[in-house]
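Here's the letter readout for the chains.
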Amino acid sequence: MRMTKIYEGAYQWIMFGRDVHKPEKIIDTNQYMVRTANRCLLIDPGGIELFAPMLAAVLHHAPVEEITDLFASHQDPDIISSLGLWDQALPNAKLHAATLWEGFLRHFGCETIEYVPIPDHGGVINLGTTELQIVPAHYLHASANFHIYDPHAKILMSGDVGAALEAPGTPVFVDNFDMHVEKMRFFHQRWMPSNQAKRAWIDRVRKLDIDILAPQHGRMFKGDDVKRFLDWFEALQVGIAV
Amino acid sequence: MQVNQTKSQFVAVASIAAELSAVMEVAKEISLAAANAKAIAFRAGEKAKGFQPITDFINELAKDTIELVNNINEYAFHLYRLTVNEQRMTEACRRFEKVGQLAVGARYADSLATPLQEVRLRTQICHREFIIQVSELLIKLADVMHPARAARVIAANSRIEASQAGEYLQSLQAVAESVDNAAQIINDKVHKCRSALTIINVAE
Numbered sequence: 001m002r003m004t005k006i007y008e009g010a011y012q013w014i015m016f017g018r019d020v021h022k023p024e025k026i027i028d029t030n031q032y033m034v035r036t037a038n039r040c041l042l043i044d045p046g047g048i049e050l051f052a053p054m055l056a057a058v059l060h061h062a063p064v065e066e067i068t069d070l071f072a073s074h075q076d077p078d079i080i081s082s083l084g085l086w087d088q089a090l091p092n093a094k095l096h097a098a099t100l101w102e103g104f105l106r107h108f109g110c111e112t113i114e115y116v117p118i119p120d121h122g123g124v125i126n127l128g129t130t131e132l133q134i135v136p137a138h139y140l141h142a143s144a145n146f147h148i149y150d151p152h153a154k155i156l157m158s159g160d161v162g163a164a165l166e167a168p169g170t171p172v173f174v175d176n177f178d179m180h181v182e183k184m185r186f187f188h189q190r191w192m193p194s195n196q197a198k199r200a201w202i203d204r205v206r207k208l209d210i211d212i213l214a215p216q217h218g219r220m221f222k223g224d225d226v227k228r229f230l231d232w233f234e235a236l237q238v239g240i241a242v
Numbered sequence: 001m002q003v004n005q006t007k008s009q010f011v012a013v014a015s016i017a018a019e020l021s022a023v024m025e026v027a028k029e030i031s032l033a034a035a036n037a038k039a040i041a042f043r044a045g046e047k048a049k050g051f052q053p054i055t056d057f058i059n060e061l062a063k064d065t066i067e068l069v070n071n072i073n074e075y076a077f078h079l080y081r082l083t084v085n086e087q088r089m090t091e092a093c094r095r096f097e098k099v100g101q102l103a104v105g106a107r108y109a110d111s112l113a114t115p116l117q118e119v120r121l122r123t124q125i126c127h128r129e130f131i132i133q134v135s136e137l138l139i140k141l142a143d144v145m146h147p148a149r150a151a152r153v154i155a156a157n158s159r160i161e162a163s164q165a166g167e168y169l170q171s172l173q174a175v176a177e178s179v180d181n182a183a184q185i186i187n188d189k190v191h192k193c194r195s196a197l198t199i200i201n202v203a204e
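Each protein sequence line maps, in turn, to chains A and B.
Note that UniProt numbering numbers the first sequence so that position 216 is 216, with each residue one more than the last.
Note that UniProt numbering numbers the second sequence so that position 107 is 107, with each residue one more than the last.
Next up, chain B with everything else stripped away, as it sits in the complex (with noise of 0.2 Å):
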């Protein structure tokens, strides 16, 4: 493993901690969205009697986004220190190989052959469990597009159930399109993250 190699990782690592964050800002906004909706089509009675069961789908599709994330969030934090132990093991091989030309005639210098094996392959294993958990990541994050691609569905049928609400037409359309744009901040959102992972697995 090269330290540049290490580095994009580490960047890949951390951008995924920060794009995760922000789906699960949104993924609050959308249940704030719900609770709202619901408030509304409450006022609305029967003028929004479709829009009723809307919001409970809105709100369901946002916790199972919160649950996914959490989840992810694990994971990514294991990969984190996948990476921190990968680093350290890549720079004691490099260090290790360097005392290894500075210790040539030294009476003991046989006696690092061992560590620096044992090193060697730590390392190894290490890397090979980042790729494992960077394939299970990925499938994690294609979960979370699940409800993301929902979530338009129901902004539509949302949209639908507006019209037909009389005075309420505009809060319940906001409600439609604040949905909606979540959905594709989140869609847009795990699609980095997935670049991200992409890109480690490329660089193999």
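In isolation and in its complexed conformation, chain A is listed as follows (with noise of 0.2 Å):
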């Protein structure tokens, strides 16, 4: 499992993925990890099948009882299938994920973790150092669903918007955006249902500070390709298969 730290500051931030034992036919994803000084957030801690690499992936920078948060953009397999596996490891641990998906999550095996409800509006994760926004992306792709946005670290959590179908081992940066495109484009048309729901959320992204839009799946963006990104898409139109 690749292992990228994406921001170093009073904590750190650090992304992982491309791990190269992953099953073929599964599809390849990001997780995020927020490090503060006792705690750990991990945002979309990924699929059953990648528990093992992953949480060894994780050992190198928290230990197992300072994982302390745990954060589903939405219900998908890939997100949050190993929440049974977290659960019987972690002994303080919450799960931040939406009111209307906690009796389909709960599925997964959630007797251990804490499960917070998110209502529709969104919220916040406090890590007693700092405090992350927990952004509405409803229907983007699920009907309920969130991003995380840190200020301080200028970092958005993007879920499956920004999300690319790439080879396994790609970059973790987006390095030609013009190029890029063609990689994002099938996969926010077909898997976003709403031009009216990608109009409410770009909207409410422009107006943050956002130095790296950091989706779960593909390549990240950062600078000047953020900017591009949103006005790609605002362009773009989505549901197409009806």
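Keep in mind that the hints are not guaranteed to be accurate.
What the hints assert, rightly or not - Only part of the chain B face toward chain A is listed, based on derived beta-carbon distances under 8 Å:
| hint | residue |
| --- | --- |
| 1 | Ile40 |
| 2 | Tyr80 |
| 3 | Met89 |
| 4 | Phe96 |
| 5 | Lys98 |
| 6 | Arg107 |
| 7 | Ala109 |
| 8 | Leu121 |
Honestly, the hints are just simulated from the structure, not real lab data.
All values reported here derive from a predicted model rather than from experimental measurement.
The C-beta atom is built at its ideal place from N, Cα and C for all residues, glycine as well.
Both chains are given apart, each in its own frame, so use the hints to dock them into the complex.
Written out as structure tokens, the structure reads:
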């Protein structure tokens, strides 16, 4: 599992992904960790197949007992089907996920971990020394969907927005936006159902100060590529299957 | 605990649930047969005087069986929950061991030792409880065999009483046959449940 530090300040953001041992037919995913002095948040910790390499990678940065918070942007298996295993591993953790998905996510096994339901309007995750914002992103693509914004690190973890389907071992940052567009087009047109939801999200996100836009699949965007992505996404027609 | 063993537990518990559901249906049929027999015996009057108390016995046996099966169903559901928990913990042990292999050299690799030890312990406790529940369920299943055996004796008595019921002979004999068949089916189904549970015990 490749580990890339994307923010270093009073705390760190680390991106995990590009696992070379990943079974061929499961989609590649990016997992993110926010590491403070004594706590740790895992953002979209991944599918059950990824649990062992993911936790092994996390153990380079934090002990198990300091993994105190998990966040699931939505209910898909590549996001959080590992929940039942984290539930056995973490003695004092919380899962922050949509109120709407609680009854669904509990199917994965959630008896030790405390489920903290996120209302539709979003909320915050307080990690003691820093506080992250939970930004609504409903219908992008799931009916209850949230992203994480860190105003200090200026990072927006954008779930499936900005995602691309790429070959294994691809770089972690977009290096040529124009060439990257075709890797994102079908994903956004087919998985994102609503132009109205897309516009609402863009209006909200344009007000945020973002250095890095970090999706759950493919490459991250930094600097001017963030604005380029927002412009491209705004012009794109989504929900093309009907 | 091996993954295959957990799978055989799932199959055994699912088989028991299916067989118990069938036993419940048959017990309800016996109850219906008892009501039918009571109506016939009432119409037959003096000719079926000896048959009338038998119908009450048949009804009582059906009620007892239904009550026992309801009680056993709760055990079976509890066994199912234990199997799900054990499967999850077994899987967690397997994955944690894999983490241990992959995390060699990681700064905090040792921090996984306690969760691994705890999940192993919980798995053992869960499996011990499963075994205790299986033993108790075997005893409960033996209890269901009693009314089924009694029903067969009653069916034999019913045939004798039916032979003295004149024109009601055929109707009452049909009731006796129905009770006898039902008791035999219950006996077979319960035997299958016991066999499924015994396979788990043997696998220990």
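- prompt: What are the numbers of the hints the structure violates, in ascending order?
  reply: The structure breaks hints 1, 2 and 8; every other hint is satisfied.
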